[in-house]
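Hey, can you work out the whole structure from these sequences and the hints?
Given next are the chains, with one letter for each unit.
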Amino acid sequence: MTDVLRLENVSIEYTNRKGTMRIVDDVSFHIAPGEALGLVGESGCGKSTLALAAMRYLPRGMRVSKGRILFDGADLATLDDAALRRIRGNRVAMVYQDPMSSLNPVITIGRQLVEVPLLHGETDARKAHERAVRMLHEVRLPDPERMMTRYPHELSGGQQQRVVIAMALMAEPALLIMDEPTTGLDVTIEAAILDLVRELRRRFGTAILFISHNLGTVARICDKIGVLYAGRLVETGPIRSVFGTPAHPYTNGLLAALPRIEAGRTAAPLRPIAGTLQAADRARTGCAFAPRCSFAVPALCEAAPVPLVPADGAGQLARCARLDVVAAAVRGERHAAHGARLAGDEADAPVLLSVRDLSKRYPVGGGLSGGVKGEVRALTDVTLEARARRTLAIVGESGSGKSTLAKVLSGLTEASAGEARLGDFDLGATGIDKRPQDLKRRIQMVFQNPDSTLNPSHTVEHAVMRPLRLLRGLSRSAAKAEAARLLEKVRLPAEMLRRMPHQLSGGQRQRVALARAFAGDPQLVLADEPVSALDVSVQAAIVNLLADLQAASGIALVLISHDLALVRHMADTVAVMYLGRIVEYGPADAVFAPPWHPYTAALLAAVPRPDPDAPEPSIILAGSMPSPLEEMKGCPFASRCPRRIDGLCDTTPPPVRTPAAGHDIACHLDLDTLPATL
Amino acid sequence: MSETGHTAGQVAPVDTGAVGRVATTSVGRLLWNGLTISPIATLGGGIIVFWALMAVLAPVLAPYPPNQMDPMALVDPFPSATHWLGTDQLGRDMLSRIMWGARTVLIVAPVAVLGAAIIGTLLGLLSGYRGGIVDTIVMRVGDVLLAFPQIILYLIILAKFGASAFNIILVIAVTKAPIIARIVRAVTLDVKNRDYVAAARMRGESTLHILLVEILPNARGPLIVDFFLRLGYTTIAIGVLGFLGIGLPPPDPDWGGMIKESYGLIFVYPHMTLIPAAAVSSLVVGFNFLATGLREAALDD
Chain A
0 MTDVLRLENV
10 SIEYTNRKGT
20 MRIVDDVSFH
30 IAPGEALGLV
40 GESGCGKSTL
50 ALAAMRYLPR
60 GMRVSKGRIL
70 FDGADLATLD
80 DAALRRIRGN
90 RVAMVYQDPM
100 SSLNPVITIG
110 RQLVEVPLLH
120 GETDARKAHE
130 RAVRMLHEVR
140 LPDPERMMTR
150 YPHELSGGQQ
160 QRVVIAMALM
170 AEPALLIMDE
180 PTTGLDVTIE
190 AAILDLVREL
200 RRRFGTAILF
210 ISHNLGTVAR
220 ICDKIGVLYA
230 GRLVETGPIR
240 SVFGTPAHPY
250 TNGLLAALPR
260 IEAGRTAAPL
270 RPIAGTLQAA
280 DRARTGCAFA
290 PRCSFAVPAL
300 CEAAPVPLVP
310 ADGAGQLARC
320 ARLDVVAAAV
330 RGERHAAHGA
340 RLAGDEADAP
350 VLLSVRDLSK
360 RYPVGGGLSG
370 GVKGEVRALT
380 DVTLEARARR
390 TLAIVGESGS
400 GKSTLAKVLS
410 GLTEASAGEA
420 RLGDFDLGAT
430 GIDKRPQDLK
440 RRIQMVFQNP
450 DSTLNPSHTV
460 EHAVMRPLRL
470 LRGLSRSAAK
480 AEAARLLEKV
490 RLPAEMLRRM
500 PHQLSGGQRQ
510 RVALARAFAG
520 DPQLVLADEP
530 VSALDVSVQA
540 AIVNLLADLQ
550 AASGIALVLI
560 SHDLALVRHM
570 ADTVAVMYLG
580 RIVEYGPADA
590 VFAPPWHPYT
600 AALLAAVPRP
610 DPDAPEPSII
620 LAGSMPSPLE
630 EMKGCPFASR
640 CPRRIDGLCD
650 TTPPPVRTPA
660 AGHDIACHLD
670 LDTLPATL
Chain B
0 MSETGHTAGQ
10 VAPVDTGAVG
20 RVATTSVGRL
30 LWNGLTISPI
40 ATLGGGIIVF
50 WALMAVLAPV
60 LAPYPPNQMD
70 PMALVDPFPS
80 ATHWLGTDQL
90 GRDMLSRIMW
100 GARTVLIVAP
110 VAVLGAAIIG
120 TLLGLLSGYR
130 GGIVDTIVMR
140 VGDVLLAFPQ
150 IILYLIILAK
160 FGASAFNIIL
170 VIAVTKAPII
180 ARIVRAVTLD
190 VKNRDYVAAA
200 RMRGESTLHI
210 LLVEILPNAR
220 GPLIVDFFLR
230 LGYTTIAIGV
240 LGFLGIGLPP
250 PDPDWGGMIK
260 ESYGLIFVYP
270 HMTLIPAAAV
280 SSLVVGFNFL
290 ATGLREAALD
300 D
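Going down the list, the sequences are from chains A and B.
Numbering follows numbering that gives the first Met the number 0, in which position 653 of the first sequence is assigned residue number 652; successive positions increment by one, without gaps.
Numbering follows numbering that gives the first Met the number 0, in which position 119 of the second sequence is assigned residue number 118; successive positions increment by one, without gaps.
In short, the hints are calculated from the structure, not lab data.
Just so we're clear, the structure is a prediction, and the values are computed from it rather than from any experiment.
Idealized CB from N, CA, C, for every residue including glycine.
Among the hints, a few may not be true.
[Said to hold, decoys possible] Straight-line Cα separation of at most 25 Å, SDA-like style, residue types lysine to any residue; simulated pairs: (1) A:Lys479 to B:Ile209; (2) A:Lys433 to A:Asp450; (3) B:Lys191 to B:His208; (4) B:Lys191 to A:Thr429; (5) A:Lys17 to B:Thr291; (6) A:Lys479 to B:His208; (7) A:Lys479 to B:Val212; (8) A:Lys17 to B:Gly27; (9) B:Lys191 to A:Asn89; (10) A:Lys126 to A:Asn89; (11) A:Lys479 to B:Pro216; (12) A:Lys479 to B:Asp194; (13) A:Lys488 to B:Asp194; (14) B:Lys191 to A:Arg434; (15) A:Lys479 to A:Asp437; (16) B:Lys191 to A:Pro455.
[To be verified] To be clear about the criterion: a stretch of chain A counts as covered by chain B if any three or more of its residues have a C-beta under 8 Å from a C-beta of chain B, and this derived list gives those stretches: (17) 184–195; (18) 443–450.
[Claimed, not checked] One side only, chain A facing chain B, incomplete, derived with CB under 7 Å: (19) Thr429; (20) Leu438; (21) Lys439; (22) Ser456; (23) Leu469; (24) Leu473; (25) Ser474; (26) Pro641; (27) Ile644.
Written out as structure tokens, the structure reads:
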């Protein structure tokens, strides 16, 4: 049987005014009908370029300089426009990361779906309509007939992505290319989409080229995997072989850098991959990963091109000159004991921040008429504590109110009710402009986006020196010296002080942001998704650094994250938020072990694990979070809860169950029935 | 745009998509990149440098004092060996007057635009950062000024207060400021929500520091492009004022005034009108070319 897609030694080059760069170098793989291949790698590794090349849809300036791309056995390069058009849309379909950019905002879902069969040979409009409705039903969208008449903006992100998938499947393609299809989505929505893709694949027998930076999602979907680094395939093979006995040092590094949800708080620190991908690495004759590899021997690795050679696992190939050494070393490490990172007792961790019944409401204006339409209840009766030397993690989907909480604590907005006590101050009532300088010093923040955390117009020195001058009152010369020391603390060379932010990588910028946050010697640091915008290998280094800084300075860390594996790795205390309320709160060990709140259970089940043998998620949450404009009479989670008790959960606020001291679960289910949720 | 609402139909003179990327470049680098990468900017820069040299070197290079009349030339005012560009209707040397006239426009226009930039930048920063009632007042007053036909505004004010270099600068600075305020306001609205501004507030920076040090530098890209564009428009405006007789008082040479004095004779002595007209046009084209090139360079970066 012919492969649906076959790449033979494909190289892709990009030419601009500055010269020619090889984006993809000598990549070969094939996908048989019904097979799913995952391509993983960090940003800039060439994975999206390959996806575009597979449809002969490379942007201007890029071209396939070597090798062949065969679709159904036909060389794409030799096809004329008509033949190409028949393939695109009919035989291959693509699903991109951002569903909003794939859907036309001014045309109804129905018309966009019906267009597909009508463009590809269907003549009967009624039949096309029926097929569209059937497909919306297949992707499990509620009330497909009504969905047909709606516009994309009326749908949630998860629903939009389902529509895009439905559209892709309308033509019953032989190959579905998915480029980071779940990256912008919440973990529960992601689990539902991945579950859908698996099922559709079984039903329609569609081959899938699945591109992702997330090893967990690939493990859930694919049979085969290709690991890309600097445009080269460094390892490929059946998914069980590659995850079971990763051969290439880069694959090993990626897996070791990931926090694991099944490991506890006491697990060893993450193992980051040193260095970053450099543009010059692409031009290397030998192994592009050599500069970052601890096994590299210049004579072996950098002198000549390294071929793909068979590795331990069945069907597994790796592009490494030192496979035997790497394999032995990795086996040794696996047996090494985990370094214990013990959380001390409560005595050395005094309560620093105490939040009681904190609420935040925003009036939603009726526009020019001035009438108030309603209120967004961003936070409702939030109660929690943060201790010195400890990490409090706040988890939840987007819209759960976790960022609003950070904004209230940081003073960027004021609370409507309740209090957040830090020493003598009520943070909730004291907006940033009312805070004395000493209070500002005590609370600092690390932001999510490395692109906007530093002012593009100023040097690193400015970012680090200003807080030293303002918060610690240092003189210019003292601040200068201290800035260099601070940079050293975040493991950046002092000459970085003169750099502009655009000359820094994302990880470096986030280090500078950490230096800035710790400059004033704070007591409380709010970290809002500090690593979620970074590549896996860089994430681990920042996480370790944050843990080290915390250990050295004794700060209370409030970590806001949607990444439960990261939270499991870092947190001492966890607050699970849903729709502005805390539904479960307690020590991390207790929150991550049963009994669970049904929402916590769903979140845990949804986390994609980098393990092909991980059980399929047992709970798939349907629907999406209700609007925070609605008045909630009962439990906020009632509308999506798989264990809802009708007539009770949606009308009466849930009582707080306390399975152990300090562990609270707000649920109508009693402690005897709660554990059964996973 | 903000919830305070922007009057429909307002046209933002700068492509906001470029704003973010323009912002990361330093002023010097933007100029250098523009001049070296974009041929059109190089050409524009060359024209401007030419006129600047003419203006600066006028006392040295000009063959005659600008107001000196040559009765001999009245017979034949056309270009000749003694008067390379000919003379005007009063026998004054055209070349000298053009060179001295360049001084007027090259001093008045940049000072006026700089004044507009300073006023507009401060208002724009304040308006965008504070929002609310401040924003509404500043922007609506600006709208009223912009809604007024500019020439009529010039006429009224200069007729009332008299035509002097200072008044011309003042009038242009005030009438051009609202446009610049809009550009700066748009950038401010975008930048004030960035994390680095939050970080600055959290370490207790003053509002003035946040406006001038954290926000303003990120507007310099669009501002500098607009500065040269605005210089071009202002050159035309100064020419028009001269032509309407409310430019600099005679006998000092002024390109617009030169056109006005001679346009009745255009079919007899075309050079008297066409040479100053060409001077105005070339300078305007120079400014526009430079602005276009800089925008290209900024987008390219």
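Now the hints, each set against the structure:
Of the pairs offered as hints, the one joining Lys479 of chain A and Ile209 of chain B holds, with about 21 Å between alpha carbons and a cut-off of 25 Å not exceeded. For the hint pairing Lys433 of chain A with Asp450 of chain A, the CA-to-CA distance comes to about 29 Å; that exceeds 25 Å, so the pair is violated. About 13 Å separates the Cα atoms of Lys191 of chain B and His208 of chain B, which keeps this hinted pair within 25 Å; it holds. Distance hint between Lys191 of chain B and Thr429 of chain A is fulfilled; the C-alpha atoms sit about 21 Å from each other, no more than 25 Å.
For the proposed pair Lys17 of chain A and Thr291 of chain B, the alpha carbon gap of about 22 Å is at most 25 Å, so the pair holds. Proximity of Lys479 of chain A to His208 of chain B is assessed by CA-CA distance (about 19 Å); at most 25 Å being required, the pair is judged to hold. Distance check on the hinted pair: Lys479 of chain A and Val212 of chain B sit about 19 Å apart at the alpha-carbon level, within 25 Å; holds. Of the supplied pair hints, the one linking Lys17 of chain A and Gly27 of chain B holds, its CA atoms being roughly 21 Å apart against a limit of 25 Å.
Between Lys191 of chain B and Asn89 of chain A the CA atoms are separated by roughly 47 Å; this puts the pair beyond 25 Å, and the hint is violated. Between Lys126 of chain A and Asn89 of chain A the CA atoms are separated by roughly 17 Å; this keeps the pair inside 25 Å, and the hint holds. For the hint linking Lys479 of chain A to Pro216 of chain B, the alpha-carbon distance of about 22 Å falls within 25 Å, and the restraint holds. With a C-alpha separation of about 23 Å, the suggested pairing of Lys479 of chain A with Asp194 of chain B holds against the 25 Å cut-off.
Among the hinted pairs, Lys488 of chain A with Asp194 of chain B is consistent with the structure: their alpha-carbon atoms are about 22 Å apart, no more than 25 Å. The hinted pair formed by Lys191 of chain B and Arg434 of chain A meets the criterion: a straight-line CA distance of about 20 Å does not exceed 25 Å. A distance of roughly 21 Å separates the Cα atoms of Lys479 of chain A and Asp437 of chain A; the hinted pair therefore holds under the 25 Å criterion. Of the supplied pair hints, the one linking Lys191 of chain B and Pro455 of chain A holds, its CA atoms being roughly 13 Å apart against a limit of 25 Å.
Coverage of the stretch 184–195 of chain A by chain B is violated [criterion: at least 3 residues with CB-CB distance below 8 Å; count 0]. Given as covered by chain B, the stretch 443–450 of chain A passes the check, having 5 residues with a CB less than 8 Å from a CB of that chain where 3 are the minimum. This hint is violated: Thr429 of chain A has a C-beta 13 Å from the nearest C-beta of chain B, more than the 7 Å allowed. Because the smallest distance between the Cβ of Leu438 of chain A and any Cβ of chain B comes to about 9 Å, over 7 Å, the interface hint for this residue is violated.
Interface hint status for Lys439 of chain A: upheld, as the beta-carbon distance to the closest one in chain B is roughly 5 Å, under 7 Å. Evaluation of the Ser456 of chain A hint against chain B yields a held restraint, the C-beta minimum of about 3 Å falling below 7 Å. Because the closest C-beta pair between Leu469 of chain A and chain B is about 5 Å apart, less than 7 Å, the hint holds. For Leu473 of chain A, the interface hint is violated, the least distance from its beta-carbon to any beta-carbon of chain B being 13 Å, above 7 Å.
Nearest Cβ of chain B to the Cβ of Ser474 of chain A: about 17 Å, over the 7 Å cut. The hint is violated. Of the supplied interface hints, the one on Pro641 of chain A is violated, with its beta-carbon coming no nearer than about 37 Å to a beta-carbon of chain B, more than 7 Å. Annotation: interface hint on Ile644 of chain A violated; nearest CB of chain B at approximately 42 Å, more than 7 Å.
Checked against the numbered hints given earlier, the structure breaks hints 2, 9, 17, 19, 20, 24, 25, 26, 27 and satisfies all the rest.
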